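Chains A and B, in that order, give the protein sequences. Take the first sequence: its letters are residues 1 to 366, numbered as in my numbering. Take the second sequence: its letters are residues 1 to 350, numbered as in my numbering.
No lab work stands behind these hints, which were simulated from the structure alone. Be a bit skeptical, because a hint or two may be false.
Going by beta-carbon spacing under 10 Å, a handful of chain A positions derived as facing chain B [claimed, not checked]:
| id | residue |
| --- | --- |
| 1 | Met15 |
| 2 | Glu18 |
| 3 | Val35 |
| 4 | Ser48 |
| 5 | Ser69 |
| 6 | Gly183 |
| 7 | Ile301 |
Because the structure is a prediction, the values reported are computed rather than measured. C-beta atoms are modelled at their ideal positions from N, C-alpha and C, and glycine is treated no differently.
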Amino acid sequence: MNDTASAETRPAPSMRREPFTFTGTGREYFGIWIVNVLLTILTLGIYSAWAKVRRNRYFYGNTRLAGGSFDYHARPVRILIGRLIVLVVLLVYNAAVQFVPLVGGLIGVAFLFAVPWFVMRGLRFSARMTSYRNVRFDFSGGYWGAFLAYLLGGMLTWGSLGLLAPIASQWAWNYTLGNLRYGDRPISCDPRLEKLYGQLIMPAAVLIVGVMALLAAAAGVFILASGLELDFDQQLSSDVGLFGILTAVYTAFLPFFLLYVLVGMLYRAGTRNIAFNETVIDGRHLLASRISRWRFAWIAISNFFATVFTLGLARPWAAVRMARYLATATVLYSAGSLDDYLSTVKDTTGVVGAEYMDVEGLDFGF
Amino acid sequence: MVSDPIVGIWHPPASSRAVAASLHVGEEGIVQARDVDGKPLSATPGLKIEVSDRIGGIVRRLTFLDGSVFETPDNDGVDKALKALKRRPGVVHELERFRPRLALFVIAVVALSFAIYRYAVPLLVEAAILLTPPVVPKLLSQSVMISLDQTLLEPTKLSQQDQAAIAAEFGRLAEIAPRGAAGYVLNFRGGGAVGPNAFALPDGTLVLTDELVALAGSDREAVLGVLAHEIGHVEREHALRRIYRAAGVAGLIMMIGGDIGSGAQDVLVQGAALMSLSYSRDQERDADRYAVQLMHAAGRDPLAIARFFDLLATKLGDSGYADSFLSTHPPTPERIEDTRRYAEEVAAGK
C-alpha cells in the first residue's frame with residue numbers, strides 16, 4: 001500500500017460520522033446469563049447451544065449503528081450438532097493420546113493442519129449468521145489464508161519472541177476483516193506493516209521493564225527464603241509437599257503470566273485501531289477505531305479478576321462493560337445511504353468450525 | 001379482536017432498505033405491515049409469521065412469508081399481538097426478567113455445579129464404561145503394545161526358567177481376580193528408557209521389565225505385589241475411567257465457556273488439570289489396596305508391595321531413570337505407611 005491509498009482511508013469532510021453504541025445493561029443481561037447457566041447445567045450442557053444464540057442475539061441486537069442493529073441468526077439445533085461432533089473428536093483424540101502417544105502425536109499434527117479449515121468454516125458460519133439492517137455478512141477467505149494467519153503467523157510470533165508479530169497481525173487482520181463481505185459488497189482491510197510495528201514499541205518496552213522488575217523481586221524473595229533455611233528435601237517427600245510445590249510454581253509464574261497477558265492486550269488493542277482505521281466497506285464507507293490501549297487492558301484485567309473473585313457472578317456486568325467500551329471506541333464514516341445493500345446468503349454452512357473456535361476461546365465477534 | 005398498531009421499520013426481502021411502517025393484526029388473524037400512508041407492504045397469516053424470541057430489550061423481528069421483515073422495539077406490543085393470535089410468547093424471557101427470583105437461580109447454580117462435579121460426572125463415567133464394547137480397549141491396547149515395542153521396549157534377556165517361574169506364580173494370582181487367568185497376558189520386555197517398570201493396558205495385557213525383576217532381586221513376592229497392583233488397574237478399569245472423566249470435565253467447561261469468558265475458562269481448565277492429578281493419585285492408592293487384598297486372598301504376603309516401595313525409595317531415589325516406575329508411582333512415606341497399615345489389617349482380619 002502506498003501513501004495515496006492511505007490518504008483515501010481518511011474520512012472526507014462530506015462523510016457522516018455514525019458512532020457505534022451498545023445499549024445493553026449488566027442488570028438486564030444478568031437475568032439472561034443466570035438462566036443460560038442454570039438451564040445449561042440442568043440439561044447437562046444441551047441448552048448451551050440455545051444459550052449461545054440468546055447471548056449472541058443480546059449482544060449483537062444491542063450493538064446499534066445509524067439507527068439499525070445487528071442480529072444473530074444461527075439455529076440452536078445446528079450449533080448443538082456441531083458441539084457434539086467436536087466433543088466426539090476431542091474424546092477420540094484424548095483416548096489416542098492416552099493409549100498411543102505416537103499415534104496421538106500424529107493425530108495432533110493432522111489436527112494442526114485441520115485448524116485453518118476449522119477457523120475458515122467458523123469465520124464463515126459466524127459471518128453468515130450475522131446481519132445488520134436485514135443484510136447478512138459473508139466470508140470469502142480460503143484455507144491458505146487461514147493457514148498463514150493462524151498457523152504460520154502463530155509460529156512466527158512465538159519463534160521470533162514477538163519481533164515478527166506485526167507480520168502475523170497483518171495476515172490475521174487481512175484475512176479476518178479483509179475477507180468479510182456485507183451482502184454482496186466486499187470489505188477491504190490493508191493495515192500497513194510499519195504502522196503495525198509502531199504498535200509494538202510501547203508493549204515491548206512494558207515487557208522489558210516488567211521482566212526486569214519481576215526478576216529483581218524474585219531475587220529479593222529468594223534471598224529472604226534462603227535466609228530461612230527451609231528444608232526442601234523433607235517437603236519434597238510428602239504429598240502435601242507436592243501440592244506445596246505446585247502452589248509455589250503457580251505463584252512464581254503468575255506475575256510473569258499476567259505481564260505476558262498485559263503486553264499481549266496492549267499490542268492487540270493497538271493493532272485493532274490500525275486495522276479498523278484501514279478498513280473500507282464497499283469501497284466507500286470507512287471504519288474507525290480509537291481504543292485507548294491502557295484503558296482496554298484495565299477493563300479486560302479488572303473484568304477478569306472481578307469475575308474470578310465473585311465466582312463468576314460479575315461476569316454479566318464485565319461482559320457488558322467491555323462491549324460498551326468497544327462500541328463507543330468504534331465509528332463508521334458513511335459516504336452515503338446504507339439502504340442499497342442486498343443479502344445473498346442462505347442458511348447452509350456447517351457449524352463444526354464455529355464450535356471449534358468456541359472451544360479454543362477464539363470466538364470472533366463484532 | 002383488532003389490537004393497536006405497532007410502530008417499527010419494514011425491510012423488503014434480503015434488503016437493507018428501511019421503510020417506516022406499522023404492524024396490524026386483522027380480523028381474520030392476518031398480520032399486515034403498512035407504510036406511513038397506510039399502504040400495505042406485506043401480509044401473512046398470523047400462525048405462519050416467524051417471530052424472533054424476546055431477549056432483553058433488543059428489537060423484535062417478524063419475518064413474513066415473502067421474506068420481508070418487520071422490526072420493532074415494542075416488545076410488549078408484539079407479545080400482546082401474539083396473545084391475540086393465540087400464540088404463546090416465549091417462557092424463557094419471563095424467567096430472565098430481573099426479579100428477586102434470580103437470587104434463587106444463583107443458589108441453584110452453585111448447588112448444581114457442585115452436585116454435577118461430585119455425582120453426575122462419576123455417574124456418567126460409569127455409564128460410559130458400561131456402554132463401551134470390549135473391542136475398544138482391545139484395539140487400543142493392541143496398538144499401544146505395537147507402538148511401544150517399536151520404540152521404547154526391547155526383547156527380554158530374562159532366562160526361560162525365570163520367565164516360566166514368574167508366569168506360573170502370576171497365573172495363580174490372576175486366577176483369583178474376577179477376569180480370571182484367561183483375562184491376562186503377561187509380557188516380559190527389556191525396559192530400555194523406561195527402566196524398572198510395570199504397566200497394564202486396559203484389555204489385561206501386562207508388561208514387566210527385566211530391570212524391575214532385577215531390582216527386586218531374590219524377593220519374588222515383591223514382583224508379584226507389583227503385578228497385583230497392575231491387575232488392580234485393569235479390574236477397576238482405571239484407564240478408561242480417567243479418559244472419560246477428562247473428556248466429561250472438558251466437555252462441561254466447553255459448554256459453559258462462552259458464558260464465563262475465556263479468562264475464567266482458562267482458570268477452570270488449569271483447576272481441572274490439578275484435580276486430575278489428585279484423581280490419578282487416588283487411583284494408585286486404590287490399586288495398592290487391591291494388590292494387598294489380592295495377595296492376601298492368594299495366600300501370599302500382602303506386605304510385599306509395601307516392601308517393594310521401600311526398595312524403590314532406597315535403591316532408585318537417585319538413579320538416572322527419568323521415566324521409571326517412580327515418576328508415575330511415587331513411593332511417598334505416606335503411601336508406604338498407608339499400604340503397610342492396610343496390609344497388616346487385612347492380614348490380621350482374616
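*Of the hints given before, which are not true for this structure?*
Per hint list: 1, 2 violated.
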